[in-house]
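Trainee: Residue numbers (numbering that gives the first Met the number 0), protein chains in the order written: chain P, 0 to 532; chain U, 0 to 372.
Bear in mind the hints are in silico, worked out from the structure with no lab data behind them.
Backbone N, C-alpha and C define an ideal beta-carbon position, used for all residues, glycine too.
Wrong hints could be hidden among the right ones.
[What the hints assert, rightly or not] Here are some, though not all, of the chain U residues that point toward chain P, as calculated from beta-carbon distances under 7 Å: (1) Tyr9; (2) His71; (3) Pro75; (4) Glu76; (5) Ile80; (6) Pro84; (7) Phe90; (8) Ala97; (9) Phe101; (10) Pro104; (11) Tyr128; (12) Val148.
[Unchecked claim] Using 25 Å as the maximum straight-line C-alpha spacing, the simulated SDA-like pairs for lysine to any residue come out as follows: (13) Lys106/U / Arg437/P; (14) Lys180/P / Thr100/P; (15) Lys329/U / Pro346/U; (16) Lys327/U / Thr270/U; (17) Lys175/U / Ser426/P; (18) Lys106/U / Thr100/P; (19) Lys106/U / Ile440/P; (20) Lys106/U / Pro276/P; (21) Lys180/U / Thr215/U; (22) Lys329/U / Gly290/U; (23) Lys180/P / Thr253/P; (24) Lys106/U / Lys180/P; (25) Lys175/U / His301/U; (26) Lys180/U / Asp207/U.
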Amino acid sequence: MTPAAIVEQPTPRATVPRVAARAGLRPWVLVGASTVVAIVLALPLVFLLIEAYGSGLTTVWHLIFRSLTATLLWNTVQLTAVVTVLCAVIGIAAAWFVERTDLPGRRLWGALLVIPLAIPDFVVSFGWASLSTSVAGFRGAVLVMTLAVYPLIYLPVAASFRNADPGQEEAARSLGVGRLKTFWRITLGQARGAILGGCLLVALIMLSEYGAFEILGYQTFTTEIFTEFNIAFNVQAAAALSLVLVALSLLVLTGETAARGRVRVSRAGPLSQRRIPPHRLGHLTVPVLAGFTVFVGLTLGVPIGASVYWMLEGGRALLSGVSLLSALWHTAAYSAPAAVLATVMALPVALLAIRYPGRAHQVLERSTYLVLAMPSLIAFAFSYFSERYVNGFGYQTAPMLVLAYAILFFPLALVAVRASVAQAPVSLEEVARSLGRRQLIVFCRVTLPLLAPGLAAAFCLVFLSAVTELTATLILIPTGVQTLSTQFWAYETNLSYAQAAPFALVIIAIAAVPSYILGRFFDGLPSRAVVAT
Amino acid sequence: MSGLTITDLYKSFGAHPVLAGLNMAAPAGSFTAILGSSGSGKTTLLRILAGFERPDRGTVMIGERIVEADNHHVRPEQRHIGYVPQEGSLFPHLTVEANIGFGLPRKQRRQRVVELLDLVGLAGLERRYPHQLSGGQQQRVALARALAVRPEIVLLDEPFASLDTHLRVSVREEVKTILRKAGTTSVLVTHDQDEALSLADLVAVLRDGAIAQYATPHDIYTAPVDDELARFIGDANLIPGTLDGSFVDTPLGRLPARWHGDPPARPCAVTVLLRPEQILVHTGQANGGLGGMIADAGYHGHDTVIHIETDPTRHGQPLVARTPADVKLKPGAQVTISVHGPVHVWPRPSREAASDGKAADRAVPLASGGKPG
């Protein structure tokens, strides 16, 4: 070795020791817990395979290859594609104006743009459809869903813009690259992971939505599966269509993974506090402000306004305080335990994925996103298992609904928990152990407090989603009980808008708090914690 | 107080060997700096000592206690070590007081925390949270936390790397004083030779997965085991010479020599180490010395580093010298060079000779690096 070599030795595996750290809980505890979670998450797929196997290949073949499937496929795919693209454009543009320009009232706009997260899609749909019958079909679905779900792209992209390394843009400009090209090549490039992550969520929601499309009279796989199972009681057809839906979700997931490629969001050095100087809007300020006002009017004004309008229209007599309170109680009683359960399930998986990264763990983690797309399938799986193997035990009981929620929204909990695991340095746990503390005590006194914000965010995210969930709730809700969303749905399908409206408003009110907390949580994170795989 | 004994330590990640038969015995109460370039495995070594990582082979003893051997692994929490990681890693959700008292039983906590805050000079900051402290204060709290549990050994992983240059020197001195007061055996890893030489009682140079030399800073600098190490630690002029008795004949004259091991029986070819401080530069022509011309002079405030082109007929190699800053020397000026003090020599080719002996000897601090001539 030459003298120079000793000074400038390559650092081939310098990072390996950190990765293989034996800190915190031991890997086999994590692997064991994660395996249990994975098995629970896989239950719906197991159901699907058993059912498909039971009905025989030819039957499944015939059920899949018919003209209905082609119609559903075309409906689902074109809607998913159009809405995802529109949401991406709106989300990116809104995030850029709020985070990167001198738009007046940026903080207020930032808050207003996130609130739609608290309004269930079926309430948005109800708001528009109750105002005009022309909001229906494909165009109606595009309008309603875009306005309802764009925050899923806005939120991560805004965080990414806020935390991006300003040096990269400045370097590009100094190299003679114009403003527009810099935006295209650097700014969007830095936010690519966030954009793709948001698009994935939007696409999966499009595949899973039931209530909004039912109101608009637009037929997709999920609405058809729901009808086959819950109304026509045709389990075979529902299972066959679910197979196609699963394949479609897999396609979305692999597409996103492929597009993500090797996204590397890197910064030079530690997070600097330096803010990127905002772009001046100048004479564009007024038009942009007008645009934001109109947009917020459409996203918030229409659903809330319509609900208020119908409530006032109905007058005091129609409002039953007792049923409202009872529904509110049941909603909270199902959603809160589900949020706790999902958060607890996400913890070992997140620790395993971040602390012991590997191909298998990554695939496991990402494949959990699939469950987001299949609320009806999860619900059927539960009712099926309960009827077939335990003689109906547990069917339409509270624990089963709670477990179904926890599975359905597990990926959301995972996103929040993994973000804070990524933020919590292993070295803290090592120091704690070197000070003579046992692993379990270290976990309780160091790891958990460090993860507290992420756990709270996971709780909020799942709670919020469970409060606004409709599909699985309709199938699994205990007989004679109503939650806010099922009661709303019952009135809405009877066209009793005046009676439905107060339920919509209460849902929005109680979902607004967790979504505000969530906004704050994701604001405080460096974007790489949210988007990195 | 306990010493630290490491025997035949091996560790590799995949096919990449990191530690290959490392031996070291740090005396009780000593302060050792393990010096290595980035990627040399020094952090891995420290993590093995702390118990966060298991070696493939080898034993580690703290005092008389075996903490790591084949089929024997004492967990980090049972090793009685104090560990100060890079960047301090204070618990962000706990106050200074709770950070320092983390490893203590409840009863002792209050009193011991007060003692330690006094020791590190941060009394009055008990209720602060880590983000309310400066970088230097955070390092001192991290040290207090490690010392609180009265560890047998304190391990420090590049504790000053994240500090600003001006802060680094003062925090370094403070840490040195605190550790001396505490009297604990300390092991620090660093890639900064200046830090290693100025801070520690003993310096161990980690190279190729083993300790190349373990000695006092003075011996490491003046009597390195081979030319490669000489260049790794500071600037070095390596010139050829012939060893004859206790003197070496060089292009710069006949100089008193010192070396490792037994004196050679008859004259032999050697490589001679001249530290830049040993070279005296006189302006103009003078008798007895080697003539040269200044190629470049770099002003550093406290001194000036000059590069000298020497007479190609006699020697030909450019030399580096360090002179007091107030000596005014311009490039192009004619100078005469002489050498001050004994010089260190290795028989040539020195690299093979060094690596022969390397694996066999256990690295223990040498009282003196060779015999002066």
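Trainee: For every hint, state whether the structure bears it out.
Mentor: Right, here's what the structure says about each hint:
1. Tyr9: 15 Å, violated
2. His71: With Cβ-Cβ at 16 Å, over 7 Å, it is violated.
3. Pro75: Holds - the Cβ of Pro75/U comes within 7 Å of chain P, reaching about 4 Å at its closest.
4. Glu76: 5 Å, holds
5. Ile80: OK, holds: Ile80/U within 7 Å of chain P, min 6 Å.
6. Pro84: 4 Å, holds
7. Phe90: Cβ of Phe90/U sits 6 Å from chain P, so the hint holds.
8. Ala97: Ala97/U check fails; min Cβ-Cβ to chain P is 10 Å, beyond 7 Å.
9. Phe101: Interface hint status for Phe101/U: holds (5 Å vs cutoff 7 Å).
10. Pro104: With a minimum Cβ separation of about 10 Å from chain P (threshold 7 Å), the hint on Pro104/U is violated.
11. Tyr128: 13 Å, violated
12. Val148: 6 Å, holds
13. Lys106/U / Arg437/P: Holds. Lys106/U to Arg437/P sits at ~19 Å (cutoff 25 Å).
14. Lys180/P / Thr100/P: Given that 25 Å is the threshold and the Cα spacing comes to 17 Å, the pair holds.
15. Lys329/U / Pro346/U: 36 Å, violated
16. Lys327/U / Thr270/U: Roughly 31 Å separates the two Cα atoms, so the pair is violated.
17. Lys175/U / Ser426/P: Given pair Lys175/U, Ser426/P holds - Cα atoms ~23 Å apart, limit 25 Å.
18. Lys106/U / Thr100/P: Not OK: Lys106/U and Thr100/P at ~56 Å, beyond 25 Å, violated.
19. Lys106/U / Ile440/P: It holds: about 18 Å lies between the C-alpha atoms, which stays within 25 Å.
20. Lys106/U / Pro276/P: Judged against 25 Å, a Cα distance of about 53 Å means the pair is violated.
21. Lys180/U / Thr215/U: 20 Å, holds
22. Lys329/U / Gly290/U: 16 Å, holds
23. Lys180/P / Thr253/P: Status violated; Cα separation ~29 Å.
24. Lys106/U / Lys180/P: Since the Cα atoms of Lys106/U and Lys180/P sit roughly 64 Å apart, the hinted pair is violated (cutoff 25 Å).
25. Lys175/U / His301/U: 24 Å, holds
26. Lys180/U / Asp207/U: Violated. Lys180/U to Asp207/U sits at ~34 Å, over the 25 Å cutoff.
Comparing the model with each numbered hint stated earlier shows that hints 1, 2, 8, 10, 11, 15, 16, 18, 20, 23, 24 and 26 do not hold.
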